[in-house]
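Protein chains: 4
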Amino acid sequence: MGLSCRKKTTSTASQVAPASQKTYSATKPARIAILGASGYTGEECVRLLAQHPAFNVTVLTGESQAGKAFSDVFPHLVTATDVPNLIKVGDVDWDNVDAAFCCLPHATTQEILASLPTHIRVVDLSADFRLRDVSTYAEWYGGEHKAPELQKEAVYGLTEVYRNDIRSARLVANPGCYPTSVQLPLYPLLEAGLILTDDIIVDSKSGVSGAGRSAKQAFLYTEVAEGINSYGVSKHRHMPEIEQGLSDAAGSEVRISFTPHLMPMSRGMQSTCYVKMANNVTIDDLRQHLVNRYKDETFVHVLPEGQIPHTRHVRGSNYNLIAVFADRIPGRAIVISVIDNLVKGASGQAIQNLNVMLGVPEETGLMQQALFP
Amino acid sequence: MGLSCRKKTTSTASQVAPASQKTYSATKPARIAILGASGYTGEECVRLLAQHPAFNVTVLTGESQAGKAFSDVFPHLVTATDVPNLIKVGDVDWDNVDAAFCCLPHATTQEILASLPTHIRVVDLSADFRLRDVSTYAEWYGGEHKAPELQKEAVYGLTEVYRNDIRSARLVANPGCYPTSVQLPLYPLLEAGLILTDDIIVDSKSGVSGAGRSAKQAFLYTEVAEGINSYGVSKHRHMPEIEQGLSDAAGSEVRISFTPHLMPMSRGMQSTCYVKMANNVTIDDLRQHLVNRYKDETFVHVLPEGQIPHTRHVRGSNYNLIAVFADRIPGRAIVISVIDNLVKGASGQAIQNLNVMLGVPEETGLMQQALFP
Amino acid sequence: MGLSCRKKTTSTASQVAPASQKTYSATKPARIAILGASGYTGEECVRLLAQHPAFNVTVLTGESQAGKAFSDVFPHLVTATDVPNLIKVGDVDWDNVDAAFCCLPHATTQEILASLPTHIRVVDLSADFRLRDVSTYAEWYGGEHKAPELQKEAVYGLTEVYRNDIRSARLVANPGCYPTSVQLPLYPLLEAGLILTDDIIVDSKSGVSGAGRSAKQAFLYTEVAEGINSYGVSKHRHMPEIEQGLSDAAGSEVRISFTPHLMPMSRGMQSTCYVKMANNVTIDDLRQHLVNRYKDETFVHVLPEGQIPHTRHVRGSNYNLIAVFADRIPGRAIVISVIDNLVKGASGQAIQNLNVMLGVPEETGLMQQALFP
Amino acid sequence: MGLSCRKKTTSTASQVAPASQKTYSATKPARIAILGASGYTGEECVRLLAQHPAFNVTVLTGESQAGKAFSDVFPHLVTATDVPNLIKVGDVDWDNVDAAFCCLPHATTQEILASLPTHIRVVDLSADFRLRDVSTYAEWYGGEHKAPELQKEAVYGLTEVYRNDIRSARLVANPGCYPTSVQLPLYPLLEAGLILTDDIIVDSKSGVSGAGRSAKQAFLYTEVAEGINSYGVSKHRHMPEIEQGLSDAAGSEVRISFTPHLMPMSRGMQSTCYVKMANNVTIDDLRQHLVNRYKDETFVHVLPEGQIPHTRHVRGSNYNLIAVFADRIPGRAIVISVIDNLVKGASGQAIQNLNVMLGVPEETGLMQQALFP
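First to last, the sequence lines map onto chains A, B, C and D.
If you want our numbering, it's the 1-based position in the first sequence plus 13.
If you want our numbering, it's the 1-based position in the second sequence plus 13.
If you want our numbering, it's the 1-based position in the third sequence plus 13.
If you want our numbering, it's the 1-based position in the fourth sequence plus 13.
To be clear, the hints were calculated from the coordinates, so they are not data collected in a lab.
On a predicted model such as this, the values are computed, not experimentally measured, just so you know.
Because identical chains share one entry, a pair is satisfied inside a single copy or across any pair of copies.
Here are the simulated lysine-lysine pairs, DSSO-like style, with alpha carbons at most 30 Å apart:
#1 Lys81 with Lys248
#2 Lys308 with Lys81
#3 Lys248 with Lys229
In isolation and in its complexed conformation, chain A is listed as follows (with noise of 0.2 Å):
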């Protein structure tokens, strides 16, 4: 056996399929569909599950590049093999899946969705069902939920959180990448009443991935090289869904300040999180706590004192490290948290939400280390 990047004891529940469930392996691999394919988050789905020895993809799906080979849409897929070609949504055989990833665009998701039949276990990555209350949905997102009834069996997936609700569940909402790394070091520390909720202030930094591969200018190379800015200031749609996760793990209402940059790299996110702590809490308190929390995870870790995170250490992986500093201002603290927002942040959650749903071992096909350089 090579290095061992297992170096915490998951919990054996994770590994314990439900029981009216088929279990599968690589003799018996599940029979993976991935809706929308065409996009970053769908190929990102395509890339680990490439490695994923209990998962195989049966069908990719994508309307406008139908008929198309995968590797027409991505050439770097050239090299793998067995991929499907990409079909439309509407020619798939549900017969012959067992499990599927949708990684369709926001608004469209809901009827399709509903329209599944009931043995597909299903992780949705679009936002479409991760608010639980569907007037905020409409708010934020323009529109009425198309998908009510589906909306109020969808588990939140995040998955170190969530993890026993979503081992049960037939559709996962996986959480939206700011909220993934915004969640991850704040609900703890919250839900322990170690942090006030008044004036938590989060300053995001993401990769351009983010954005989607749709043409559009302000993502071309010459608008985003060597320059940052911030975006969707006070409005970004992100901000309900963190303030949904938080509010449950104080048991109030909380509102934040968030406020995104884009940042000149393809890959990467770091959250930012300045908050106040509550009476006699101190910054080991709260390093403390997060080590505890996270002790038996295998993607989140917890930096030692005086240690910072990098975005680049976590490229490619599905890992999130978090590290805690005093602030200059007394009764403050800083919280630093970075992801790969298409791993962790979107497709490597996804499919490790999966692997809990079919009871396969959760870090199946999630080991790889950070590329660095």
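We have chain A; now place chains B, C and D onto it with these hints.
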């Protein structure tokens, strides 16, 4: 005449030379020395002065590179001529120098400047004379100040705030890049009591050129590209400089939260400032106050509601763009400020200051628009 | 005066206006229209002209953006003033225009230029009038030429080669970026018979801005960063333009190998040219011939033996740097040429040409040194 | 099983261990030492071996960093476990090591490898044993070879060409990145006499990681970003290595033109090769010969007509993509080859070689697809 970039009437005062002083012009240019010219700020002075009609670079010093042509050190300037060779600072003939830009490293500057003939007007780009309190200097820079008398004489060179004092100064301490980006938006707001002094949180992002040209592993292309990270968390040396200025503005001691981030770009700096408004103050009040404060300033521009500045909008130029936004948390505001760290954050502001000191129109040599893309 | 960048005496001829022509100056500036100003070359004209004392931009056209402020389209120019709003080309009052830069897309230019009043001097940055042979145009650009009469009148605007014809031209066809980078070093060598016409192999590398500002997936940041690729192998449209020029120089038909490569950088272009020397010709002969040929030219600089030009040495400037090296294969030489594709490869050379056409000193507005780092 | 990436049947020979040799597997892994692990190629071995089931990294050496945790040197590997601390090479217990990757700098390797116990199988990533002729070594590397006897034993590790010799080798000299990218496409074409030996011109482009991790001004982010340049024109050290291989293929001495270029990207390498076809040979002949030659090879892939490989299509992977194009000059062809310089150009090919040497399936640990975007 081409496009006029002087959209604002600069106060006439700035164009009147002090009584005792010579008048410099294209036909009788000031003779300029640049000390420590082999770093990026020295080179940037040379680049900008190549188009300055009233200043003539006659001396360049560089201890380890003395004897070389400047284009041996900066080959892109092979196309500039009349650039003197590098000499040692001990070999400068000060009788033929009118003014100097001092681009030496921190801590090496004090003794050299203390030894200069008193007819030399100096803009010092190091940190050595920025902090009025020499004990604060000793605390943050790790050594006793070696020219405390000269420190008393130094004027802090944030041009738009201290212009009157700069006009007659012999030694101007040019502000740091982070302090420039933070003070220009926040100084007027604190001075007018529109924002509170507590809980000022500044998340800053800088290009790599701020780290200088010395060979260090951490700033290799391979270590910087395609990723970001915080650094100097809670202990960056620009912190006391920012606090000194903001405390002056507020009339009481201000302690801020300040976290710098390293960006994969050569130039550019953004400070995203999270502040609390005073009672009954609105976002429009903040914006309008800044608009009024800077309406006659050429190099500070406050954007209208909704427009977001990019660092690439000021690349290579001496401008500072500022924008004000409502925060989602009631009572808070987000103030965004962008500069080019090597121009308004260093060499450009230094030239602006020397223009003021020598009675030359303040914009001279500084009207280049941003290089985009 | 600051640093003099005019290291070379420009031939006096270039400063003499044609007899029939008005004299333009800072007090009586030429009124300039920029057609198609919403792309990068249009914008680059605006940036450079912002510092041109004898040209005044009075008209900007952009069909789809008509009615907007120019800074709505290029926000970094919010700091420039007296920039006119965009209008439709049909709304231009040509009586109040002296000259025009035409930055319209290929194939749209012919009819517009054919319809202009004859008092307008035009520099056309499109490819429409570069090829003398309209059948070659039709072959490479996919359509009949719509203004063949005007084509006969057009002068090819490689300034250093065709200056005399440019001076009296009404319409100058500004060269493409690749053709500029290749012809400046190779034209004189072929003309003097120092290199052979066969087996000329040109491997060129270009920044992304050459692809323009239209939203295309292939030029997204995520598709371009951190990787390179050849494109248009054996069939790039600049090939006939290069061959036309080199054939003129050689006095016989030249057919070259030309392969362009897309680089992850916004600006800059290098052509690495692999050539065979004529009998008994040495590397020094090549270099010395180029040195002599360009010794009075401000914008073409031949480096001494052993120095290697970088594209970053000319970023934002109008310079062309050339270097000559021995090849390891006996009898062969390597000639390297770098320019900024948007300046000497487009808008800078266009201004240089209009300066010549209007009798203004050729360097006017173009003496900015490279922006480095 | 997920996607099968083994699209080709690897020759069964490669899976047969030499008779005299142990068999390694997941249950009985080989114990691997990495000498000089603190550079990028050492680190890349660690990254790739983290997923190798039959190799276990038990020793890491680094003279100046001895005593440190590996994640102190490469913080992104804080998420990998069972990674040994760095020790000095003199402290290695060779009795417990089966094989070594030697990632030491050129010229330091010879004496260390000559002193190793003979049971250790070694893949040397330095240049020290690549050149058969020690006088050529002395000429290009500036010093006498210190282990000429060992040199005679070394096998050149271009896996797809020398696999049979590699299988039984004790010391494999892993090819340089440029030589790998050039020889894989050109070796078969020369061997078959399809292209001529004269006038082979190779224009190569490399990412910055090829320069290593040592702090040098020339490789700072600010000196590399947003620009390109040739380097080592006519005198790069990889030239004799390429010529040695191509001469072997042709059966006569080959002298090439080779010019490397530094690209603003961390990883990736393209060689654009300009060649002359033999009489009556066509482009299709070239392509078809390469297709046939590599049809059973997993890591070399020849693209169909018209497809252009990008370096980003192989980022992080062990693949080599090759494409063949007609040149505009009759009788000439353009052959494009891309690899990741740190994987197929260094550590990936090294692992491929050790797999062959130790009788492990050749693709083990190397089936990661490219990371895109």
